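> Mind docking these for me? Both chains are given alone in their own frames, and the hints should help you get the complex.
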Amino acid sequence: MSEPIVPVGVGGCKITPTPGDPACPFHAVPGPVTLEVTDVVPTVMFLTAEYDGKPIPGLPSKQITFTIVAGQKNLDVVYVFTNTVTGQGELHEVCPAHSFLGDALAGNPAVRYVICA
Amino acid sequence: MRNQFMTLAVFGIVGLQSMAIAQSQPAADLDACKKLLDLIRTSDTDRRPTRISETLRYEQNATCYAEVLLQSLASDGEAQRRAFLKFFKDLEARRTDKQAGSSSGTGGTTNLVSKGVTARAISVAAEYGALTESVNKGIVTVSGSLEGFAAALARQSLIAYCPSGKAPGSTATQQLGCLSRGGLNFLRRVSYGISFDTGTNAENVTAMPSGTQTGTAQPVTFTANRHQISAWTGRYIILNTRDDVTSNAFGKKWMTLLQASADTKDNSGNQGPNADAVKAAGAQLLKSFQAFVNSIKLDPKTYGDAYTIAFEEFQRPEGDLNEKFNKWADQFIKLVQNTPGLVDAIVSFLHDRQAYLLAEDELVSAIAEKPVLTFEYNNNRPVGQDPTSTFRVIFDRGLGNKWSLTANGAFTIFDTRPKVANVGRLRDAQFGAQAQKDLGTLPVFGAAAVSATYYFQYQNSPAILNVTPGMPLPGVTFTGLPATATQVFAEKGNLHIGQLRLVLGPGTSSVRFPIAVSYSNRTELIAKPTWRAQIGVSYDFDSLFAR
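Which chain is which? The protein sequence lines are A and B, in order. Numbering-wise, my numbering puts 63 at position 63 of the first sequence, and it's gapless, one number per residue. Numbering-wise, my numbering puts 521 at position 521 of the second sequence, and it's gapless, one number per residue.
For reference, chain B alone in the conformation it holds in the complex (with noise of 0.2 Å):
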């Protein structure tokens, strides 16, 4: 506990540092502030007094202030304190974190195609039942991108998000420990997923004598094999489509799906994107914005006289409207800066400022990005069975009028060479097609898709199973089988699977319920026919990172 709360001071104190400019900057080179300065250089006459007094009042350019403010009071050793106090308080005070189902193939599963589009922060999902396997199995996943862990740090301010790739105040192209949006966008494409086997045959333990018999008693050795981990996968997208965000159209898909009141929005089984956080992100600037502004506590005279100098100042043409502006963030810091409770108010504001233009990044490349090709490898170690691992490929495309197709081309191979005569590593190839129809809200059952899948395995090899005498595989019965018997394997053949699903999504909750009928002609083990159902929960994450 001692060294977790460690490690988060390390962090914090980085991610600190890297809101609250390392270094003392001229007001005027502040980004912040920079930018109405120069829109005051090119406005015409008509303009130029309103943008001069929003250049001026703090509770107009209060990012600029804050900033200002920031950098003046952090140089006070007692200021930088009271900040970092502050941060842990907040920090406490927001430990949350956000959570859809395992890959095909990997057992207890009710997805027969992957799709490129994983969940942000974290998924969890639980699924009970079978598609190519045998047996049904109970399967728990957790799966996210690694996007999901860079952005639950930049909101709890342990990194800096700046989305220039500067930090406030740097005067570097690029500053370390600075999550920027091209970086944010590379993180996004990378994703992963751990399947965890809950059935209680997950763990086996083994005893085999290890010394001489005494009496009644036998000294033995225990052996575990344990397989609560029953998956393993990383995803990494390849190719994907990108909306141009300064054009009509995407203007008009974002405001649409900005303005979606909750009970509307798009809760398909891929989970799309929404405007949650965004707004809830938005919120949260609202208040601390307040708290910030309200805190700045003036003398109305003292401020007033200062004020009135100083626009007339900047009415004048001559003079350098940077030098003019110094002068004026000079005055202003010493008219605030005993201001009782600032530096609290302004680390809270500049930490929900930067919370929120991440959350605006996160829903334009939520909307404009679309993974097209996506690689994925998946490690699939099932009880009973040699670890085998696959490569698939994913091709997602949205067709219009909500309906979208997937598609998977796979191999899986064994990870050692089986140890059975006339048998390769390649244990089989897969292809699986799925088209998808978002149905919009249903009433009652609330956000709904439905999909219709095919999928085709060849197999090269039979499907062999690991035997240990005396010690049953879960869901299996051996009958005549010789007691030396260490593996075996069934008749090879090919599969057809076809399946039936529906996701459903009541109400404005990230709760997903897939529940899918299937039939395939064999599976794995058995050469007959069989119709299946499978059901899972899943619940997405997001929502509570956004908070």
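Extracted from the complex, chain A is given alone in its bound form (with noise of 0.2 Å):
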């Protein structure tokens, strides 16, 4: 299988979607990077998050911010919803393009997102 080429930074964003990619889901550039999860259903937040094995600090928020490092990380978040059957958001980088990478849906609170810097 070929290294897929994948553009990273782009619209001013860390993070860039790479659907196609078995092994990695997303590619970025290592730096800090701010994710936030806005409300569709209202309402939702991270309560609690992992980057690369260590809890990111400051929850339960709307954002978590941390530093991407180099190869192939996990980020494995747990949101928390006001309703637990209809509960919907969105995962977005706090960036200028302000790039739409995943829905935070209430069924299905645990979710991991795959890195390679």
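Hints are supplied without guarantee of correctness; some may be wrong.
Derived coverage of chain A by chain B (criterion: at least 3 residues anywhere in the stretch with Cβ under 8 Å from a Cβ of chain B; other residues may be distant) [stated by the list, open to error]:
hint, region
1, 14-24
2, 45-55
3, 76-85
4, 97-104
5, 107-115
Everything labelled a hint here was simulated from the structure, so no lab data went into it. Computed from a predicted structure; not experimentally measured. Where a beta carbon is used, it is the ideal one built from N, C-alpha and C, also for glycine.
Here's what the structure looks like:
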């Protein structure tokens, strides 16, 4: 399998979704990054999260900030919702393009994002 | 012990079956998988690839794949057996149980008025003092709501929790043996309390001659007069208010509570809602989620090729999306089905996800719902007095700026008509009102709340004491009482009581210390003004249930 060519840092953002890459759904450039979860069906927040096995401080919150390091690393997140049936949010990077990274669904509160940098 | 184990085993099977999808469903029909497939269908072209990706990846769509895998693996008898053993291992490891005071008028209480809010699971309170009575008592009260029982069973997977009312994979609109959010809300309205008299005179044994004396020996018959259970209480919330949980105002309140650190949470006397249970359940979910995802070991080449084909297939507009997903799910099952420890990891993950959803719903209800009008029935069985029943209506209302108002109206009847001339069954009527101010967190003392209460009791009947010759009543001494007297009663009169009460909750603990001082114009027996002090300790066991 050939290595996919991945544009990183598009639109002033550090993380780029690479949905066709089986091993790495997100490519990124190393450095600090802030992600936020926006409300679709109110209300959703990050309850707890770990990046590269280390807890991300300052939670619960609508945003998480961590530093992307080189290599393939996991961002594990647990979302918390006001509605456990219809609750829904969207994960975006806080950057000029406000890139869409995925959905947060109440029925699936625990999610792993594999990020390669 | 064996019977206990068997009972647990039966409930365990029911709970596990509900959790583990009774009948095989196509993967795309499972609720956990449907939502993302629907989002792909309605997605714009920019977001569609990302949504396809999150649908196909087990680590981003873990609940869906856990249910797909469990459905497939549960058809294997060995997998079922291992899942069941894992369930019992978890159950044994998690067996912990949660825990405020007796209602007004039960003796041995610091509460002049009853409140509509009780502990959700179980609270235990030990209190010493008296308010309307003439003798101080030590009373231990266990109280809680039916919701607490049901939630505890759901947390241990003894029953399934399905917020929508449907078990995973079920197409039925409601599932038997499955605790729904509506069912939980109803059970929250019903609560109970049992008060135990811890005094040494709570149980008396009386000996009466039962035959002819032979020499110095006298045959007797012993009869016991037990009053360890001094009162029991049942409550039903008739009317409550519920905030609009979709409003921005509610969202802000919810976020503020979640973000509040443990040492700044509301620790007033009512033990208001806090997010500890959600945080604990979320931490546990993260662990079991990681264990589940990490347990899946895939050959990168085989998985990569299969993923690429599936991704390209999903990208094509033609064809049925559900069929494509079912095909991909079958492939995924084949790739991972022989993974060692997979069933254990799935069962733990789905169990912890269920407990997390329950904790999320309980927090929202605790913030959004507040009782306004509650009916309370209290059966009081004090030592040396005829049992009485009190029917009480409780009004609770927050006034803003940390003030709250509670008012009670009640009447008490004797359970049977007293054998005293001109005394009917109506014993008394009562009214009480309390204003409480939450003081927030104080240095050294921790969280604190202060309240001022006025209580009025109209006595229709005098207080009647049952006496047994030679058997003194605890705390009461009779002088010159005729040997044949079996009942005594005092001069009746109306009671006016005022009380100042402080509740302290040190640190981040669930312990509360109510301390009160009261002044009354008289007590039920003594027609003289008196000052009293009451003290207690209570423990709320909710935090233990959350683990």
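> Each hint should be assessed against the structure and marked as holding or not.
So, going through the hints one by one against the coordinates:
1. 14-24: That given contact holds, which follows from 5 residues of the region 14-24 of chain A lying within Cβ reach (below 8 Å) of chain B.
2. 45-55: holds (count 4)
3. 76-85: The restraint on the region 76-85 of chain A holds, since 8 of its residues have a Cβ under 8 Å from chain B and three suffice.
4. 97-104: holds (count 4)
5. 107-115: holds (count 8)
Figure legend: structure checked against the earlier numbered hints; every hint is met.
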